[in-house]
Amino acid sequence: MPLYGTLDITQDPKRLPTVVNLDTEAWSLPKAEMMQLLIEVPRTSTDGLLPKAMHPALPSYVIAAFTRYPESPVGAFNLAVLRLGSRAGAHPRGFLLGALASTEAAATELRNRWGLPVEHGEVKFVRRHDRVMGTAKKAGKTVLECALVDPQPVAGTDVQYINWVTAANAPLDGQTAPLLIQVDPKYTFYKAERGKPQVSAFDAAAWNAGNIQLADPIVGTCCTVDTDLPRIRFVMDPLKPVFQGTRRIRESRADE
Amino acid sequence: MRFGLFYEISIPRPWTPEREREVYNNCLEQVKLADQLGFSNVWAVEHHFLEEYSHCSAPELFLTACAMVTKNIRVGHGIVVCVPEFNHPIKIAEKTATLDILSGGRLEVGTGRSATWTELGGFRANPDTTKKSWDEFVRCLPKMWTQETFAYQGEFWSMPERTILPKPYQKPHPPMWVAVTSPGTEIDAADRGMGSLGLSFAGYAEQEKKIKEYRRRIQLCEPVGAFVNEQVATTNFLFCHEDEKVGVETGKRLGNTFNYLATQLISTREVFSSPSYQSLGLLPALRRAATGPDASEQQTEGMAYGDPARIIRAIKHWESLGVDCVNFILNANETIPQEQVMASLRLFAKEVMPVFAKQPANVAAAE
Chain L
4 MPLYGTLDIT QDPKRLPTVV NLDTEAWSLP KAEMMQLLIE VPRTSTDGLL PKAMHPALPS
64 YVIAAFTRYP ESPVGAFNLA VLRLGSRAGA HPRGFLLGAL ASTEAAATEL RNRWGLPVEH
124 GEVKFVRRHD RVMGTAKKAG KTVLECALVD PQPVAGTDVQ YINWVTAANA PLDGQTAPLL
184 IQVDPKYTFY KAERGKPQVS AFDAAAWNAG NIQLADPIVG TCCTVDTDLP RIRFVMDPLK
244 PVFQGTRRIR ESRADE
Chain W
158 MRFGLFYEIS IPRPWTPERE REVYNNCLEQ VKLADQLGFS NVWAVEHHFL EEYSHCSAPE
218 LFLTACAMVT KNIRVGHGIV VCVPEFNHPI KIAEKTATLD ILSGGRLEVG TGRSATWTEL
278 GGFRANPDTT KKSWDEFVRC LPKMWTQETF AYQGEFWSMP ERTILPKPYQ KPHPPMWVAV
338 TSPGTEIDAA DRGMGSLGLS FAGYAEQEKK IKEYRRRIQL CEPVGAFVNE QVATTNFLFC
398 HEDEKVGVET GKRLGNTFNY LATQLISTRE VFSSPSYQSL GLLPALRRAA TGPDASEQQT
458 EGMAYGDPAR IIRAIKHWES LGVDCVNFIL NANETIPQEQ VMASLRLFAK EVMPVFAKQP
518 ANVAAAE
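From first to last, the protein sequence lines stand for chains L and W.
Going by my numbering, 65 is the number at position 62 of the first sequence; the sequence numbering is gapless.
Going by my numbering, 332 is the number at position 175 of the second sequence; the sequence numbering is gapless.
The set of hints was computed from the structure by calculation and includes no laboratory data.
Virtual Cβ for every residue (Gly too), placed ideally from N, Cα, C.
Hints are supplied without guarantee of correctness; some may be wrong.
[Claimed, not checked] Listed next, the stretches of chain W that the computed footprint assigns to chain L, with coverage defined by at least 3 CB atoms under 8 Å from CB atoms of chain L:
hint	stretch
1	271-282
2	419-432
[Claimed, not checked] Residues on chain L that point at chain W, a partial pick, calculated with CB under 7 Å:
hint	residue
3	ALA93
4	PRO95
5	LYS194
6	ARG197
7	ILE252
[Unchecked claim] Which stretches of chain L does chain W cover? Using the computed rule of at least three CB atoms under 8 Å from a CB of chain W, they are:
hint	stretch
8	56-64
9	140-152
10	156-164
Generate the whole structure from the sequences, applying the supplied hints.
Structure representation (structure tokens):
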């Protein structure tokens with residue numbers, strides 16, 4: 004059967020964000036601009052980064068995303084995220100390795116409400132006509148500098164965003180313990196572009212990404228979307244295959 | 158109604174040399190028996206880099222081996238990838254003609270364009286252009302097979318005038334098919350006068366819709382070959398057992414294992430946004446079905462597992478929808494022991510095939 008991840012997130016729970024409760028209210032995030040770059044990485048460089056419950060994507064790839072959220076309950080902010088392509092059972096997922104938010108308030112709320120491993124940093128999202136650029140700095144040091152080069156229009160229906168999985172401590176059945184949490188935003192597309200990914204600086208350690216080396220660029224997209232951070236619906240036992248260890252917290256999203 | 162076998166050649170880890178050889182030998186043993194039992198076709202996929210799911214990257218070699226150990230069963234590329242980075246069209250024409258000669262005119266040529274990023278990215282092929290290159294290839298192949306000399310200048314490949322040799326044994330040329338997974342590909346097949354080689358496990362309603370559209374469109378087709386190959390084939394799982402419960406449970410295990418492996422594949426759409434891959438192909442249905450390799454629940458509509466009576470009911474339904482041939486996947490990751498696969502084939506030939514056959518199955522000869 005398919006390979007499994009080898010990371011035991013229960014061994015170092017202090018490293019994980021802690022969710023205050025699993026009844027997090029949804030955030031509506033209109034007119035967000037999302038640049039997403041997909042890049043293949045050597046399989047050996049992802050060893051130890053994926054929880055035991057999940058399957059690795061083959062070939063291994065990462066998703067580097069910069070998003071400009073002009074409206075949110077904590078005001079405008081930029082977010083940079085690095086996810087590892089993977090599978091939760093039969094479903095494609097992006098496992099969050101690390102993230103930086105441009106405001107302290109956003110970083111705190113995203114950690115506390117959804118368990119996203121977000122730190123406060125400097126995150127810039129710059130749109131030019133020949134490229135869209137993202138820069139992330141942590142304590143003054145550039146940890147990711149990348150671009151979508153030569154964006155060309157495509158249809159929103161050409162673009163697929165996969166759902167996220169994050170590792171966090173969360174209260175369930177009277178105790179707070181490490182869990183995997185599915186975060187599954189929705190997207191309504193206004194504009195979509197496709198281009199070539201280009202990375203000029205990347206510090207894997209700053210993204211909790213071990214010794215991941217960026218190898219073959221796949222493709223990049225930049226889309227304007229209405230999106231959200233929804234209520235948490237599924238949590239998963241981090242040590243059991245997700246088809247055995249998934250628990251539904253609520254039946255459906257509030258808007259379904 | 159005709160019956161065939163469909164091979165992905167799924168091999169579980171660890172991949173020792175003996176393990177891969179054992180699975181290939183099991184497949185050849187099944188094909189040999191199927192030939193004796195009166196099955197009409199054996200199809201083999203062309204897949205690359207798809208760990209465990211399919212180790213069938215050189216189907217022409219496997220199919221040649223099949224042809225060498227059988228007498229009547231037709232051997233089919235299901236499919237040959239018509240993308241220049243994978244296969245040069247001259248080589249496709251030459252290799253298929255050679256296989257047709259070696260098999261004594263038993264070749265079927267399925268065509269397609271690959272659906273996974275794992276494969277397209279592995280060959281550094283551009284997903285945007287695979288439909289176009291496929292279209293070019295399938296229009297060239299019949300000419301390369303039938304014309305004394307051939308020259309070509311196209312968008313994806315070209316060649317000066319040469320004589321492409323050998324020529325196929327079948328005249329004018331082997332039947333041509335299209336792999337149909339994404340919605341709308343059945344129209345591509347019909348418009349070109351090619352057979353519809355269904356590779357998905359959709360339920361009756363969806364298949365009926367596709368078949369109706371295919372039959373409607375093919376009446377006014379402009380065939381790419383020298384003749385119209387109006388045929389509809391579907392893919393199914395087969396496990397036939399005297400005890401319905403054992404048959405269904407084993408068949409579900411086979412289906413769940415296959416589906417779970419399939420859902421691990423990286424579809425092109427998952428990572429490469431392209432207007433050429435708007436559909437996820439067969440993956441959404443598989444993901445709905447594949448709750449896990451040990452799951453007890455799985456869609457069973459139309460599945461050919463259970464006891465003979467149950468399987469006959471399912472196949473009669475497919476027949477009523479206009480299906481000409483059902484191709485069976487017999488195993489996945491060797492989840493069913495070889496002796497049980499062989500027993501299932503024999504029971505199917507004995508109890509099910511006669512219900513659909515113009516000629517009775519030759520069960521006695523195979524026992």
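Checked hints:
1. 271-282: With 4 residues in contact (Cβ-Cβ under 8 Å with chain L), the coverage given for the stretch 271-282 of chain W holds.
2. 419-432: Holds, because 10 residues of the stretch 419-432 of chain W bring their Cβ atoms closer than 8 Å to Cβ atoms of chain L.
3. ALA93: With Cβ-Cβ at 4 Å, under 7 Å, it holds.
4. PRO95: 5 Å, holds
5. LYS194: For L:LYS194, the interface hint is violated, since the closest Cβ of chain W sits about 13 Å away, which is over 7 Å.
6. ARG197: This hint holds: L:ARG197 lies near chain W, its Cβ roughly 5 Å from the closest one there, short of 7 Å.
7. ILE252: 18 Å, violated
8. 56-64: Our answer is that it holds, as 5 residues pass the Cβ test (under 8 Å) against chain W, meeting three.
9. 140-152: It is violated: at least three residues are needed, and the stretch 140-152 of chain L offers just 0 whose Cβ sits closer than 8 Å to chain W.
10. 156-164: Coverage by chain W holds here, the residue count being 6 at a Cβ distance below 8 Å.
Comparing the model with each numbered hint stated earlier shows that hints 5, 7 and 9 do not hold.
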